[in-house]
Structure formats: C-alpha cells, structure tokens
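Student: In case you want the letters, here they are:
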Amino acid sequence: MELTAKERMAIERHGMAEQPPDLRNRNFKEVPYGYTPEEAVAEAQRCLNCKNKPCVSGCPVEVPIPEFIALIAEKKFAEAARVIKTKNVLPAVCGRVCPQEAQCEGVCVRGKKDITQAVAIGNLERFVADYERENNLMELPEIPKKNGFKVAVIGSGPSGLTVAGDLIKLGYEVTIYEAFHRGGGVLVYGIPEFRLPKKIVETEIKALEDLGVKIYYNSVIGRLHKINDLFTIMGFNAVYIGVGAGLPIFLDIPGMNLNGVFSANEYLTRSNLMKSYLFPKYRTPMIIGKEVAVLGGGNVAMDSARTAMRLGAEKVTIVYRRAREQMPARAAEAHHAEEEKIEFKLLSNPVEIYGNEEGWATGMKCQRYELGEPDESGRQRPVPIENSFFEFDCDQVLVSIGGQANPLITSTTPDMKVNKWGYIETDDWGRTNREFVYAGGDIVTGAATVISAMGAGRRAAKAIHEDLMKESDETLRPPAGEVEDGDEE
Amino acid sequence: MYEIIEKSEIFNVHKMVITAPEIAHSIRAGQFVIVMGNEYSERIPLTVSDWNTDAGTITLYILEVGISTLELARMKIGDSIYAVTGPLGVPSEIKNYGTVVLGGGCYGIGGIYPIAKACKEAGNKVISIIEARYSAMFYHEKELHAVSDQVLYATSDGSKGIRGKVEDVIREMLEKGVKIDHTFFMGCTQMLERCSEATRPYAIPTKVALNSIMLDGTGMCGACRVSVGGQTKFTCVDGPEFDGHKVDWKELYTRKSAYVERETVAYQSYSHECMAETRLQQEL
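Going down the list, the sequences are from chains W and V. All residue numbers for the first sequence refer to my numbering, where the first residue is 1 and numbers rise by one. All residue numbers for the second sequence refer to my numbering, where the first residue is 1 and numbers rise by one.
Pulled out of the complex, with its shape left as it was, chain W reads as follows (with noise of 0.2 Å):
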C-alpha cells in the first residue's frame, strides 16, 4: 500500500537500538544492535523520494539511494544490497562510519529543520548489507574472460579494495600487496571492533578472493619490490598505490617520547590488528591507563579515547584545540563519546607532558584558547589566551593529531612526483606523474574517510581502465603480461 508523502512525514526517525553506555564501555562488542527488518522498513517508509535526489549529489560515490531505500521499504533487502553495491563495494563497513550528516544525510529534504529527522540512510545501507551476509545471500557477479592485462595494488584498505573489485569485475588480473599480515588497512588496524567488527572485513576480502583477486600479505611495496620491478620483473601493467597515510605526528614539547605517551595509531594497531584487547592470549602487550588524555578531534581520537576506556581505564579526557562543533569526528562517535563519560576539555591545547623519574608520564599542562579570526578552511582560528595554564594528572597520553606522508615508496620511487608534504601529486582520477601508476586515498590527500578513499579507488579504476584499453587498441595486444601467462601457479 503506496504512503502518501503526509503520512510519510509524519513518521519519526528510527534510532538504532544500542548497548547501553555503562554496559558498552567496558566491553568491545559493536555499540548499535541493528535494525530488524520492521524497523528498517518504517525507517524506509520515511523517504519522500523526492525528485532531485540530494543525498545522491552528497554520497561521494552517488550511490543511488532513493532506489535502495524504496526497495527496503517493499522488504526487497537483498536486492537493496545490491542496488547499493553497483556504485559502492563496501556498504557494510560505509553504513558504519561514513559521515552521513556531512554527505548523504546532511542535504536530505527530511532533516532541513532538524538533522536529526533526516532519513537515516546510513542505518539502512547497514541492515541490508547485514542482511544479506548474515543470511548468505551474498551473490558473486559474473567475471568476464581475462583481458590479458595485470594490475596491482598496493595496500588492501578502502581504495585498494576498491580498485581491485571494480577491475577483476573488468576482466583484470588483480594482485594485492598488503604489508601487514591481515586485509583491510585502516578497517582492521585502526578502526576498533566495537565500531567495525572484523568479521564483516574478513567476508568483503574473501568475496573479492573467490572473485580471483589474489592476495599477497607481509609484503612491503617499496623494500620487498620497487614499483619499476612490479613493471619490469614482475610484468604489471599498471600499478596502484592505495597505502594509506602514514608516518604519526608528535607535538613538538616536552615529554612527547616519555613512556606512556603513544600516538593512536601504534594505541589502536596494538589493540584491533594486534587485538591486545584480548592479551594474553594474544601476545602483544598493551599498557593499561588509569588516567588517559587523548590529543585531537577527530574520529582515531575518539576510537582512541573509547578503546581506553574498554580497557579499564578511570577517567579519559579529550583534549581539543578548537571548539565541539568543530570537531572534525563523526557526530555519532563524540556523542557515544561523551555518553561513556569521556570527558572533554575543549580550546586547549597542551604545552608540556610531565614525567617522573623513572620517564613514564605522570601529568599535563595545557593553555587555553579562544575562537579569533576565521582561517582559510573557514573555520574560527583558535587563539591562545595568555596566562590561562592550567595542569591535570594522567599516565597515558594518546597523540591522534594527524599524519604525515609514509615515504616508504616515494623514497624508492625518485621519480614520483610528491606535493611539499610528501603526498603523491596525482590528476583528479588518480594519475600519477609516472606512466601506468596510479594513486589514492590518504597517500594523495592527507588523512581522509573511507568513503572519499573508496571514491579515489573507483575514479582510479575507472582510469586504469580507459587507459589500458587505449594502450590496447594502439598495439593490438597487452604489453607485457602476455608474456608471463602460463607460469603463474
């Protein structure tokens, strides 16, 4: 029965039903519950469908979402999946953490008075992606003949996956080159169980593997092959570089190599890939805080500061430069945040980390600011405010304050062309400055999200395609990957 849009407007936002917050912040279970299927098609039954389709404008990769979403509301929830997954490989990990109220439903026609009344597009990309795996109704697409033409990828995180689904569903060879000794890069190192459970990562990979993408783990591009030998020895055609941002930033005071004192990423690889969380059973250590300061704003920042609080620690405190609404993480993160009592200390910034004797950190000072003059990202400036410091106790001090770029492949690549930050200076569909590489996500725009890494993935794909098949048409055969046929297992 068809929902006229009055009546449609008249139904209220579904939240998703969570772990209560004394509960969920001390276990690393996933926080929401999920959706059940009456819920999702309530939630469905909300979109106007509205003829100029604003979300889709907003979604980085267009997926289409009044289709999927009117699918859904018909209880078509594997054909919803789907609809999503022609534009979107991933929507079981994008449902999770995209930033929906900055894209998709920032602009909804629903949450133009209110944000929170958009239509919750992400909760629903997640239950049928969900419901599709969790009912194994996963289908594989058909993959075309071979093309003759091998292409490799470096760093199976978002973009590299990404590239690699969009290209063997081309007719490519695909080989990934992961340097760790799991799939999935910032998924699975960075972005903690109780936001992205493993499990979901660990079934996208297998897919692309049973579509013949090969994976090759431990296998750092740059020290094991140089880019020229993926070419010349190996016999790529075109080679992708997707290895994510990189080398942790550190404040430039006092105590910052002191014991105790981590940057996130090493805080976060420790726990998730490591899964430390679980030690000892598994052997990585992990040093357990009592009092935790965490160093930034954004989402690692806010994993950081909730994963310390699943371990035990008393009391964690966030520590921000700037003001909450300018926070660049995720609104549903600082919200969980807040609501497991991590504790925010908003304009300040700190000058100095204490230690004892034996150099382990034992307090902080910081300075307060205030909000001056707009910068260029046209966000108020944080300005000092003169003789307002003030002093806290805390063993642990989580440094998530940004990345620089990992020059472990330009440096072996001389010939790469970086920008003055070391990033890979690439055109807007990924073409590096060298024939046949290409580039993206965090190695070419700084730390970034998934689904602007996933996006870059797919614009690459895209160009990787248009031009082999050039490269195809003007010598009637592959260049070199024909040669190697046959003798590769």
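Note that these hints are calculated values from the structure, not bench results. Mixed in with the good hints, there may be bad ones.
[As the list claims (entries may be wrong)] Counterexamples of contact, computed for chain V against chain W with all Cβ distances above 10 Å:
(1) Glu3
(2) Met36
(3) Asn52
(4) Lys76
[What the hints assert, rightly or not] Across the chosen pairs, the derived CB separations fall in these ranges:
(5) V:Ser257 <-> W:Val351: 23 to 31 Å
(6) W:Asn228 <-> V:Ala146: 39 to 47 Å
(7) W:Asn433 <-> V:Ile77: 47 to 55 Å
(8) V:Thr264 <-> W:Ser57: 56 to 64 Å
[Claimed, not checked] In the BS3-like style, the derived pairs of lysine-lysine whose C-alpha atoms are separated by at most 25 Å in a straight line are:
(9) V:Lys142 <-> W:Lys275
(10) W:Lys281 <-> V:Lys256
(11) W:Lys275 <-> W:Lys198
(12) V:Lys246 <-> V:Lys233
(13) V:Lys95 <-> W:Lys226
(14) V:Lys76 <-> W:Lys281
(15) W:Lys365 <-> V:Lys250
(16) W:Lys87 <-> W:Lys51
(17) W:Lys420 <-> V:Lys233
(18) V:Lys246 <-> W:Lys226
(19) W:Lys290 <-> V:Lys256
(20) W:Lys470 <-> W:Lys145
Computed from a prediction, not measured in an experiment: that's the story for all the values here. Positions of the beta carbon are idealized from the N, C-alpha and C atoms, including for glycine.
Starting from the known structure of chain W, fit chain V onto it as the hints suggest.
Tutor: Same frame as chain W, but now just chain V:
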C-alpha cells in the same frame, strides 16, 4: 611459505633457516624482518644474518628473551612461521672506508656478518670483534672469518680472546694507534652505548643498529621512536642504524623497558597454558 628448514641452538640463541625467496632476493646488509610465529604472536623485529638467493632462504639468529621469542624457538623443522615481513629498514651504507671495525654481541654476532661481508666486497680491511660470556657461546664464526681480515674475541671469563668486552678490544687498538675509519655495532643496547663511548674520543664514525620496540615496522606507529641528535627518528624507517655518538641512550633504555611488567604476565600465562597442556596429555 616461511617454512623452517634448518634449526639449531647455541646457548639460548636459536638459528633458523627459513624459506622466504622474495625476501632473500631483495634484502641488503643491515636490514631486518618482522616475524610472527603464529597468529597470536607479537611482531618481533629480527636482523637477517645471512641469505641465499638461489635456495631462497634467510637465516635468523633469535635470542630467547620473552614469550614470543620463546614460542618461536619452540617451533620445529618443517613448521611454517605465520608471517615474515621484510626486508625492512634502510640498508647499511657500504663503501670503501679503509679499515672497518664491526662489533657484535649476542644476536649481533650473527647480525654483523652480512655487513662485514659487504664491507669486504667493497674493498675494506675488515676487523670483526665478537663478545660473549664464554668461548662456547660463539657461533657463525667460520662464516665471519671468511669475510674478515681479522676476527678478535672478548669473553667475560677470558676463555677466548681477551677478558672483557668489544669496547675493551677497541680501546686497546686505538691506544696502540691502529687506524680505524668506520665502525658498525650490533648487540644489546648497553654494548652499543659502551662501544660508542669508546670511539667517541677519537671521533671515529660509529653506526649502531638500534633495537627499539617495534610494532608495524613501516613507520606507521612511532613505537620505535628514538632521539638522535635532538631529533625524533623512527628506528624502523629512518634506521635501524644511527650515529652512536648522537643517540639519547637514557631515553632508549626507558622506552625499551616499557612492557617488562606486561611481558611477565604473558610469560606466566604461557606457563599456565603449558602446565594445563601437560596435565591434559598426562590424563590422556
């Protein structure tokens, strides 16, 4: 992949030859690998002491110091190691310096071998000095002799070479006026610091292979950061070799001790698991 094809033990130092053809092909002197014995293991950085490109193997000498090295050492010939990642780190800078002295202790006795070999091939006069508590603890000697003009020994009990340490040998050489143009040292942090102090008064270029705590080994986490000449460096991507005269040793000792307490917990848990397993076997 990563099958153990040869294994032996010399007083708590375990030699393992592992199948890793791609690593054997790419590795250069001074680089290391990160090893996980099984999927629950820590990632342990280990210097590669030798490799054979034709056979596709690498040789590691593993000092048994904690739970993860212990579990690795318990693996048998024919077992496969879960993960071996590398080569990592910047290769040693090899050129014709003139006379090069290499000092090695503990796992560094094997560790200096590829650097000695590369130095020899580059035309240097190579003097290798190795230290141990007593003579039976030396290993990889034949190979080291083959690439060194001279191999000198130091033992705590005087059972081979001089009674003392590597730095005592170096001091004696320097006092006698032996001209040394470049030095490399590998071993425990105390040894690296003492050797650096021995060469400092003579301003001899001194490279020390640091062994700070590591996690990913690709520069991503900063666990291995050290202060060198007042600057923060990452051992995994900027090192492992640094100027021994500029390293902040005190900070390095502190940072290396960070997990001692947790390691004891892991070790105790391992003992419990072992006892439980033994009991189970007895019951069966």
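Student: Regarding the pair lysine 246 of chain V and lysine 226 of chain W, is the alpha-carbon distance no greater than 25 Å?
Tutor: violated, 31 Å
Student: Would you check the hint for lysine 246 of chain V and lysine 233 of chain V, treating anything up to 25 Å between C-alpha atoms as holding?
Tutor: holds, 12 Å
Student: Far enough from chain W: is every CB of that chain over 10 Å from the CB of methionine 36 of chain V?
Tutor: violated, 6 Å
Student: If I claimed the Cβ atoms of serine 257 of chain V and valine 351 of chain W lie 23 to 31 Å apart, would that claim hold in this structure?
Tutor: Roughly 27 Å apart at Cβ, these two residues keep to the hinted range, so it holds.
Student: Per the hint of 56 to 64 Å, is the separation of the Cβ atoms of threonine 264 of chain V and serine 57 of chain W within bounds?
Tutor: Distance hint for threonine 264 of chain V, serine 57 of chain W holds at roughly 57 Å.
Student: Going straight from one Cα to the other, do lysine 76 of chain V and lysine 281 of chain W come out at no more than 25 Å?
Tutor: With Cα atoms ~21 Å apart, lysine 76 of chain V and lysine 281 of chain W stay inside 25 Å; holds.
Student: Would lysine 76 of chain V pass as off the interface with chain W, using Cβ distances and a cut of 10 Å?
Tutor: holds, 19 Å
Student: Holds or violated: are the alpha carbons of lysine 281 of chain W and lysine 256 of chain V at most 25 Å from each other?
Tutor: holds, 22 Å
Student: Does lysine 250 of chain V sit within 25 Å of lysine 365 of chain W, going by the straight-line distance between their CA atoms?
Tutor: Holds, at about 24 Å.
Student: Note whether the CB distance of asparagine 433 of chain W and isoleucine 77 of chain V lies within 47 to 55 Å or breaks it.
Tutor: holds, 49 Å
Student: Would the least Cβ to Cβ distance between asparagine 52 of chain V and chain W come out above 10 Å?
Tutor: The assertion about asparagine 52 of chain V holds, with a minimum of 17 Å to chain W.
Student: For the pair supplied as a hint, lysine 95 of chain V and lysine 226 of chain W, is the alpha-carbon distance within the 25 Å limit?
Tutor: holds, 23 Å
Of the numbered hints stated above, those contradicted by the structure are hints 2, 6, 9, 18, listed in ascending order.
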